[in-house]
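If you read the protein sequences in the order shown, they are chains A, B and C. Sequential numbering of the first sequence, starting at 1, is according to our numbering. Sequential numbering of the second sequence, starting at 1, is according to our numbering. Sequential numbering of the third sequence, starting at 1, is according to our numbering.
The set of hints was computed from the structure by calculation and includes no laboratory data. It is possible that part of the hints are untrue.
[Said to hold, decoys possible] Keeping only pairs whose Cα atoms sit at most 20 Å apart, straight-line, the calculated EDC-like set for lysine to aspartate or glutamate is:
hint	chain 1	residue 1	chain 2	residue 2
1	C	K533	C	D543
2	A	K114	A	E164
3	C	K28	C	D110
4	C	K555	A	D309
5	A	K446	C	D110
6	C	K555	A	D308
7	C	K555	A	D369
8	A	K372	C	D162
9	C	K25	C	E108
10	C	K3	C	D82
11	C	K575	C	E564
12	C	K25	A	D455
13	C	K441	C	E359
14	A	K446	C	D162
15	C	K534	C	D521
What you are looking at is a predicted structure, and each value in this text was computed from that prediction instead of being measured.
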Amino acid sequence: MVLVNLILILLAGGVIAWLAERQHPLLPRWIALITILFDLGYFLTYMSDLSWSQIAIVPNPTDATTWLLHYKAEWIPRFGISFELAMDGLSLLMVILTLVLGAVAVSSSWTDIKQRTGFFEANLLWTLAGVLGVFLALDLFLFFLFWEVMLVPMYLMIAIWGHEGRGYASMKFFIFTQVSGLMMLLAILVLVMLNHSNTGVYSFSYFELLDHKVGGDIAFYLMLGFFVAFLVKLPGFPVHTWLPDAHTQAPTAGSVILAGILLKTGAYGLIRFVVPLFPNEALAFSPIAMGLGVAGIIYGAVLALGQDDFKRLVAYSSVSHMGFVLLGVFAWNALALQGAVMQMIAHGFSTAALFMIAGSLQERMHTRDMSKMGGLWQNMPRMGAVAMFFALASLGLPGLGNFVAEFMVLVGLFAVAPWIAAVAALGLIVAAIYSLMMMQRAFQGKPDEGRRLPDYGLREMLTMTVMIVGLIWLGLYPQPVLDTAQPVLDSLMQMVGSVAEPTKVAGLMP
Amino acid sequence: MDGVSIPLDHVLLLASLLFICGLLGLMMRRNVIFILISLEVMLNSSAVAFVAAGARWGQADGQVIFMLILAVAAAEVAVGLGLVIQIQRRFKSLDMDDADRLRG
Amino acid sequence: MLKLLPLIPLFPLVSSVLLMVTTGKMPKRLVAILGAGSVGLSAITTLLVGLAFMETGQPHHQVLWTWMHVGAFSPDIAFYLDGLTLVMMSVITGVGFLIHLFSTEFMEEDVSYSRYFAYLNMFVFAMLILVMADNLLLLYLGWEGVGVCSYLLVGFWYQNPDNGLAARKAFVVTRVGDTAMALGLFLLFTELGTLDIQPMAAAANSQWQVGDTLPVLACLLLLGGAVGKSAQLPLHTWLPDAMAGPTPVSALIHAATMVTAGVYLIARTHELFLLAPPAMLAVALVGLITSLMAASTALVQHDIKRILAYSTISQIGYMFLALGVGAWTAGIFHLVTHAFFKALLFLAAGAVIHCLHHEHNIFKMGGLRTRLPVVFWSFLIGSAALAALPLTSGFFSKDMILLQAYELPGAGPWLWAGGLLGALLTAIYSFRLVFVVFFGKTQMEPDKQPGSRMAVPLLLLCILSLVGGFFALPLVPLESVFPSASEHHPSHLIEGISMAIPLIGLAIAYFIYLSGQLNVDNLVNSAPGQMLKKFWFSGWAMDWVYDRLWVRPYKGLATMLRGEWVDVIYNSIVKVCQQLFVGLSHTQTGRLRWYATSMVFGVIVVIALLLGVV
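Construct the entire structure; sequences and hints are all you get.
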């Protein structure tokens with residue numbers, strides 16, 4: 001029931017925030033913040049009752065009762081659809097990430113939303129509710145429902161409170177996600193039908209479908225259906241093009257949620273559904289998937305350098321970073337998968353922070369064009385220092401979370417595909433180029449003496465400190481995170497492992 | 001009443017001719033009044049066919065439908081004439097080719 | 001006492017964080033005390049730890065906490081102390097403290113005083129982590145950390161975009177090397193199953209034979225990292241530009257410590273390199289060619305700091321040569337003496353620049369011998385040690401390198417001869433610098449004299465540069481780390497030649513630049529002379545090559561692609577839909593007759609289909 005409450009609190013908070021606008025236009029943001037913090041507190045209090053040893057138990061992926069939390073209610077029994085939520089270590093990490101970044105997102109849009117504040121905060125909370133649902137749902141029908149639930153409020157956030165080109169961007173975002181989502185729906189339906197013809201029962205349950213895997217040519221196309229949906233969300237090359245537009249046009253909180261959390265649903269889907277449901281097909285497909293990952297890393301980095309728009313640059317850097325997740329998932333060994341999970345969390349923090357900085361710049365200077373900036377360090381030393389920190393995080397400085405993630409992905413990948421790892425490692429160089437270029441163009445160089453800009457205040461510094469501490473912690477002591485995800489990944493690998501055993505360096509040397 | 005009975009074929013031929021006249025009028029006429037008249041002609045051509053068919057099988061249905069068609073025609077003319085007046089006011093013309101605001 | 005080890009990096013870290021958090025609100029006096037004092041404390045602690053270590057001589061291993069454990073991948077935050085570590089730590093904290101002390105006066109007028117010390121302390125912290133790490137991943141953390149501090153300090157005066165460019169260049173070029181090194185780590189972990197240095201060396205020795213391909217590959221990748229950080233060919237181009245930073249930074253980072261990290265890395269993993277003779281030869285050749293290239297370039301520069309930068313590149317080349325021929329101890333010895341005299345030279349150059357309105361061009365200086373006596377003597381002693389004049393510290397270490405190079409079977413004598421040529425060039429350019437700057441006509445008057453906080457570090461470094469070689473200070477702790485070199489002495493002739501070469505160089509410099517008895521103007525002004533000068537001046541045109549080869553194509557690519565060509569695919573889908581829409585909307589004429597007609601024809605077609613006519 002905890003899991004249901006987690007989602008219900010957010011939904012209800014959204015409704016209250018919407019209604020509260022009539023009382024006072026500044027009330028909704030407080031309601032949103034309190035709702036999220038309450039949700040987080042509620043969750044953590046409950047989780048603190050669970051001991052670490054429980055988390056360390058390797059869950060049986062096909063038996064929900066071995067998971068940390070599980071809730072199941074009948075919904076449409078005729079078609080085997082139930083309201084089934086469950087949580088293991090992986091979802092646990094994602095839930096915490098979602099709620100923390102949700103609070104950050106509320107803080108990041110504290111002052112820049114002036115119109116229809118109630119509806120804005122409501123959309124924000126509903127998106128979070130949808131994301132939580134995606135991370136927790138283990139009935140494919142329910143999963144698809146939440147997949148759509150998080151999409152619509154996000155669309156509204158971009159379309160109503162976005163910047164100058166919001167119409168185009170929101171529509172592009174919607175169509176990309178919707179079309180790919182429909183492919184997934186089709187794949188889900190065919191999967192269920194096949195299962196029906198094999199076993200004689202209708203079931204949308206993850207556990208049921210894991211037990212009875214389908215094979216043959218059709219399985220490959222079903223895998224593709226899921227893969228495309230998640231690739232679009234990730235976003236992977238070449239279906240990433242909605243992301244720069246959506247990020248650039250979204251309000252700050254929208255960008256923070258989009259980059260920090262929504263993209264992770266794609267990565268989560270790959271780990272949770274694509275590989276476990278279709279292990280053989282995923283293995284056969286892995287060279288292409290890894291190729292797409294590497295292409296994304298390099299392509300994103302090259303395009304990031306070419307941008308003038310601060311937010312666009314950060315958006316392309318996301319494309320580059322999420323390529324590592326794709327690599328990690330399809331390398332499918334303990335190290336690479338852990339790296340992928342770490343990257344999901346670390347990228348959530350670092351990119352969310354960079355979007356916040358972009359948002360603050362836009363709020364203060366009314367432009368995102370870096371050619372109109374320069375020397376901002378002089379005007380706003382605190383913001384400059386914070387930006388420097390996150391630029392360094394984004395280029396993978398050791399000691400910060402992103403490095404741990406990228407290094408583990410690459411080490412794991414190297415054992416499977418050394419040449420792909422070598423090319424992907426180029427991403428470390430090009431990341432340095434665009435990150436430092438961004439710092440140079442925005443914060444260094446000759447300051448405009450006549451410019452008076454307010455530096456970061458207490459609220460902003462507090463929010464940033466949360467993320468700075470988070471990244472340093474992830475970089476220097478990631479073990480708790482690794483320990484939380486390890487049992488889940490172990491169990492998934494046990495199930496799939498017989499198929500995709502990582503091989504030693506083969507073909508590297510004669 | 002079994003004097004000269006008109007063969008059904010003849011009546012149907014007449015109905016067809018009337019219908020085609022109406023159809024051609026509908027397709028070729030630009031004046032909205034004439035279009036309405038063409039529609040009336042077409043309705044009545046089908047009415048003739050119904051009456052003849054009713055007579056042929058000795059059933060009342062043909063006449064019932066004829067009554068229905070009369071009612072429909074009356075209603076249609078009422079609406080149609082209303083539209084004619086509106087069109088006349090809007091476009092200062094009764095040429096339907098001028099009223100092409102639905103052009104894509 | 002050994003348990004105090006973690007305190008050594010902790011002091012500068014705490015100080016740095018404090019300075020960052022207070023964002024310049026601290027009074028300058030406190031900043032100076034905190035900045036220099038923390039490194040001083042580290043130096044004292046290093047001394048204590050060093051004494052404790054020397055008692056037993058046993059390597060000390062200390063795990064602080066678990067870093068990341070995933071299966072066999074288990075690097076920890078852990079320190080490893082042995083002789084090599086101790087030597088490096090002493091240099092970093094000792095020379096580092098002197099440079100911090102110097103900086104407290106040098107940077108006094110800068111508005112970002114506290115930011116400067118925050119970065120500089122952070123650098124010392126990262127450098128200590130680099131040398132103390134017990135596994136290659138933690139070493140890599142320090143490795144990148146010093147790179148970032150170098151980036152921040154080179155671009156310290158960020159208002160000038162040129163400094164920003166130099167800083168970015170420094171970071172990106174070294175990152176190229178770092179990436180090669182990262183690949184080396186991947187390879188080592190995949191093959192040997194660990195990144196902890198000592199177990200890794202043991203595993204390598206048991207798994208690999210001398211001459212296998214994999215160790216060569218791994219060592220070449222590590223060498224890639226080393227040449228990046230240590231500014232060796234072909235990744236040396238960043239160092240001369242990195243002189244854009246404040247001069248004490250150049251002394252600390254770009255002369256004494258960070259740039260020697262590559263030497264440290266190779267020395268630290270020497271057991272791997274011993275398994276890969278081709279990689280060793282590559283190290284030696286890289287070192288030799290770099291030292292000749294840099295020495296010839298230094299000969300024609302006229303920016304005082306650039307001369308010293310090229311000289312640093314050249315001297316590190318010697319260290320690489322030493323490592324390549326297996327003279328591990330000699331290489332580290334040269335690293336130490338070089339840290340003394342090059343820090344001295346940079347600080348003295350800094351003092352010159354400080355007192356001379358930020359003038360960098362040596363031909364606008366002159367006659368400073370009497371105007372700045374302290375600086376003059378420092379510079380003279382530093383140059384003597386750099387040129388390896390007999391009995392200075394540089395002499396002992398360089399001599400050791402050359403002699404051991406000579407003894408290498410096969411290529412030995414050639415390496416030795418190349419090294420001698422480099423030594424000759426070194427002597428010429430270092431005394432060219434002395435004669436041009438401190439002798440001759442006075443062209444500029446200094447507007448101030450260095451104060452005590454600048455003079456004391458100079459004085460101490462002078463002493464170290466002079467006598468540092470006599471005691472062969474660092475050699476004792478190193479004995480337990482490296483395999484001992486063979487102990488037979490080459491002939492007196494060879495030794496005599498090594499000793500005479502720097503003196504010949506000094507004489508040549510004297511005749512050309514001071515007495516003018518040797519006039520080389522005609523030679524220089526001839527066409528080939530001019531071309532050679534231009535070629536040398538540009539640092540063998542490497543910047544030009546890289547600009548054409550990498551920088552411009554990459555920028556061009558970014559500019560070409562910036563419009564997102566992938567969208568062409570999606571836009572063409574949109575286009576097709578739009579065309580369809582336009583085509584279909586033509587049928588929507590708004591004409592009633594047209595609709596009626598098309599309906600009629602539609603009905604006819606449908607009826608025809610139903611009746612089966614068609």
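Which of the listed hints are broken here? Result: no hint breaks.
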